[in-house]
Amino acid sequence: MTETVLDVRNLRVEFPTRRGTLTAVDDISLTIAKGEILGVVGESGAGKSMTGMAILGLLEPPGRIASGEIWLSGDRIDNLSETQMQAVRGRRIGAIFQDPLTSLNPLFRVGDQLVETIRLHTQLSKSAARQRAIELMREVGIPAVEERIDNYPHQFSGGMRQRIVIALALCAEPELIIADEPTTALDVSIQAQITALLKRLCRERGTAVMLVTHDMGVIAETADRVAVMYAGRLAELGAVEDVVRRPQHPYTTGLMGSIPSLRRDEAELQMIPGAMPRLGAIPEGCAFNPRCAFAGPKCRRDTPRIHGNGAACWLALEGATA
Amino acid sequence: MTRPILEVAALERRFDVSAPWLNRMIERKPRRTLRAVDGVDFDILPGQTLALVGESGCGKSTIAKLVTGLHAPSGGSIRFNGDPDKMQMIFQDPYASLNPRWRVGRIVAEPLRTLRPDTPEAQVTARVEELLSTVGLSPADAVKYPHEFSGGQRQRISIARALAGDPEFLVCDEPTSALDVSVQAQVLNLMKRLQREMGLTYLFISHDLSVVRHMADVIAVMYLGRIVEIQPTKDLFANPLHPYTRMLLDTIPDLEAPKRDRAPMGGEVPSPVSPPSGCSFHPRCPLAFDRCKRERPRREVHVHDRRVACFAAEAAANV
Ligand SMILES: Nc1ncnc2c1ncn2[C@@H]1O[C@H](COP(=O)(O)OP(=O)(O)O)[C@@H](O)[C@H]1O
Ligand SMILES: Nc1ncnc2c1ncn2[C@@H]1O[C@H](COP(=O)(O)OP(=O)(O)O)[C@@H](O)[C@H]1O
Ligand code: SF4
Ligand code: SF4
Ligand SMILES: [Mg+2]
Ligand SMILES: [Mg+2]
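These protein sequence lines map, in sequence, to chains A and B.
Using the working numbering, read the first sequence as starting at 27 and increasing by one per residue.
Using the working numbering, read the second sequence as starting at 23 and increasing by one per residue.
It is possible that part of the hints are untrue.
To spell it out: a stretch of chain A is covered by chain B in this simulated footprint if at least three of its residues, at any positions, have a beta carbon under 8 Å from a beta carbon of chain B; those stretches are [what the hints assert, rightly or not]:
{"no.": "1", "stretch": "243-251"}
{"no.": "2", "stretch": "269-281"}
Dumping the calculated DSSO-like pairs for lysine-lysine here, alpha-carbon to alpha-carbon at most 27 Å [as the list claims (entries may be wrong)]:
{"no.": "3", "chain 1": "B", "residue 1": "281", "chain 2": "A", "residue 2": "60"}
{"no.": "4", "chain 1": "A", "residue 1": "60", "chain 2": "A", "residue 2": "324"}
{"no.": "5", "chain 1": "B", "residue 1": "214", "chain 2": "B", "residue 2": "108"}
{"no.": "6", "chain 1": "B", "residue 1": "281", "chain 2": "B", "residue 2": "256"}
{"no.": "7", "chain 1": "A", "residue 1": "225", "chain 2": "B", "residue 2": "256"}
{"no.": "8", "chain 1": "B", "residue 1": "108", "chain 2": "B", "residue 2": "87"}
Everything labelled a hint here was simulated from the structure, so no lab data went into it.
If you're wondering where the values come from, they're calculated on a predicted model, not measured in any experiment.
Using N, Cα and C, we set each Cβ at its ideal position, and we do this for glycine too.
Only chain A is shown next, with the shape it has when bound in the complex:
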C-alpha cells in the first residue's frame, strides 16, 4: 500500500481584481505518495507556481484559496492559521525555489543559517546542531564542508548555493518538498547534479517531492508521475513514460512535438498555433479549444476535467468531441 503524503482536492486559487475575479488555479486534484516525485510541467503562466504556493500557504494577497482542500499525511492544512502554517512550513514541508537567495540570507554565514533552522525545528543543542549541519552539507555534496561552513552565500557558486538550500529544506526531515524550478538558473551539468541529488534524497528518505518545472527533459529523467498544466487547469496526469511517450491530450502532444529532438532530423518543428490565453480571457469549454485541431462543438461548450490519471480532453474521455 502506498502512503499518500500530499492530497490536493479540487483546489481553486483566485485573484480578485478590479476587472473581475481571475482564476489562476482551476479545480486541480493531485496526490503524491511517500518517496514519489511528481513533476508539474507547463508553460509560463500555467499556474504551476501558484499551485505550489497555495500548498505552502504562501499565496500573496489578494490571491487566495477560493475552494478545495489540501491534506498532508491525513491532516488538513489549507484552513490553518498563519502561525500554525508557519510550523508546518519548514518542519513538514520544505521549499526550494529557482533563486537560492530567496531562501538564504546574504548577510549570514550559511552554517549559522542551517544551525538556526535546525534548532527551530528540533531540540538539538548548538554544537549538536552544528554537527548536524555539517552532515547535511556533506549529504548534499558540498566539498570541504569544515572549511566552507562559515562562508557567506555569495562565496558559493549557483549550484553550490542550491545544494545549501536543499540542505536547509532537509533540516527538519520534512514529509514533502516543493521544488519550484530548482534547476532553471543552472547549467546542464549542474542541473543534472541537482536533480540526481533530489532523486537520491527522495529515494533514501522517502520524501515526497513536487518538482515544478517548464523543462520536459528534467521531468522525463526525474519524475515518477507528471501533471501537465494549461491555463490553470490540469491537462493531463499520468506515469511519466506514458505522458512523455504516448501523450493523450492534444496540448501535451503539441508541447512534446515542439521540442527539438536529439535523435531525429526534423525540417520543421511542430507548432501549436497561437498562445496560451491570459487569465482574463480563458475560452468557454476546453481552455485549449481555439488552438486544437480536433476541437468540436462540445469542446467549446463543456469543460473536460480529470481528478486522477488521464487527459482532460473529450476525445480521450469520450472518444468524441461532438
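Assemble the complex: chain A is given as a structure, and chain B with the ligands must be docked to it using the hints.
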C-alpha cells in the same frame, strides 16, 4: 571553394577585473585579468549557420559582441567579407532590447531610417508592414508598444527590426532562451524559413544542444573561452571527439531515451580569472595525463583535420 563570409582568427578578449586601485594598494593585491575569449578560430560560409554552444560564462556573448563591434578585441582578428551595414544582432531578452517608449512601427523602421535616411516615408511604412507580416505579426501592430506583446511576439519584433536593413548576416545570442518551448518552436521555424528565403548567414548562440542541433550546420563547443571542438552537426553528434563534448551529450536530458539512473558529470567550471594550466578541462577530464597540465592543446591539422583540441584525441589519431 566558397569564401567564408566571416573569418575569425586567434581572437582574444580580456577584461580587467582587478579590485579598485586603492583597495589593491592597501591589500597589496595584483591586477587580475579575466580571459573571456582566449584564442578562438572559426569561419562561417555564406548561407550557413554556425552555432557556439557551451555553459554560461564560456565566452559566447563576448564573441557575439566582438563580431558585431560592441567590444574591441584584445588580440587576433575578425574579418567580415560583406557589407558591414548588413550585419545585425538579435538578443536573448527581446524586451530589454526594444525601446519601451517607441511604437513597434518606429522600432522596426529604425535601421532603415539610419542606413537609408532618404527613403520616402510612404515606402518606410510599406516596408514596416511587409516586415511585420513576414515575421507573422499583423501590420496593424505597428501602432502598439512593446509591452502589449508576449515574449514570443517581442522576439518577432526584434527579428523584423533586424531584417529591416536587408541583412546578410545575423548574430543571434540565445534568441529563444527566454521563451517557452512552443513559442521557441515558432521562432526557430521562422528563423529557418527566413534563412532559406533570404539566404541569411547566422552566428547562432545557445546553451541548448537540442536547439543547436536543429539549427546549425556546424557546431563549435566552447569551454572557458576556447573552442574545444568544432564539427559539422551530424558528425558532432555521431562522433563527438572531445571529452567535454561527450560529457555534455551524456548529461543533457533526452526525452526519447531518458537516462534515469545516470551518474552526472562531477565538478564545476573553474573561474576564468585563474583557469587551470595547460588544457583548462584537465581537472574534470577522465582521460587527462601529464601533458594536459603542462601544455595547451591546439586544433591541429593532423588531429581530425583541426576538429578537436585534445591530446588524448591526438594520441588516438596517431596510432
Ligand atoms: N498577483 C497576481 N494577480 C493576478 N494574477 C496573478 C498574480 N500573480 C500571478 N498571477 C497570474 O497567475 C497565473 C499563474 O501564474 P504562475 O503560477 O506563476 O505560473 P507558472 O508558475 O506556471 O509560470 C499567471 O497568469 C499569472 O499572470
Ligand atoms: N564587461 C565585462 N567585464 C568583466 N567580465 C566580463 C564582462 N563581460 C563578460 N565577462 C566575463 O567573461 C566571461 C564570458 O562571459 P560571456 O561571454 O557573457 O559568456 P556566455 O555568453 O558564454 O555565458 C564570463 O566569465 C563573464 O563573467
Ligand atoms: S477537449 Fe476538444 S478542444 Fe480540448 S483538447 Fe480535447 S479535442 Fe481539443
Ligand atoms: S587535452 Fe587532456 S585534459 Fe584536455 S580534454 Fe584532452 S585528454 Fe582531457
Ligand atoms: Mg513559476
Ligand atoms: Mg551569454
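Q) Count the residues of the stretch 243-251 of chain A with a beta-carbon closer than 8 Å to any beta-carbon of chain B: does the count reach three? A) With 5 residues in contact (Cβ-Cβ under 8 Å with chain B), the coverage given for the stretch 243-251 of chain A holds.
Q: Below or equal to 27 Å on CA atoms is what counts here, so check residue 108 of chain B against residue 87 of chain B.
A: 16 Å, holds
Q | Pairwise hint evaluation, residue 108 of chain B against residue 214 of chain B, where the allowed Cα distance is 27 Å at most | A | 18 Å, holds
Q: Take the C-alpha atoms of residue 60 of chain A and residue 324 of chain A, compute the straight-line distance between them, and say whether it is at most 27 Å.
A: 38 Å, violated
Q: Please work out if residue 281 of chain B and residue 256 of chain B have their alpha carbons no farther apart than 27 Å.
A: 22 Å, holds
Q | Claimed coverage, the stretch 269-281 of chain A by chain B - three or more beta carbons nearer than 8 Å | A | Contact hint for the stretch 269-281 of chain A vs chain B: holds, 3 residues under 8 Å.
Q) For the pair supplied as a hint, residue 225 of chain A and residue 256 of chain B, is the alpha-carbon distance within the 27 Å limit? A) 33 Å, violated
**Q.** Given pair status - residue 60 of chain A, residue 281 of chain B, alpha carbons within 27 Å
**A.** Holds: residue 281 of chain B and residue 60 of chain A sit about 23 Å apart, inside 27 Å.
Going through the hint list in order, the structure does not satisfy hints 4 and 7.
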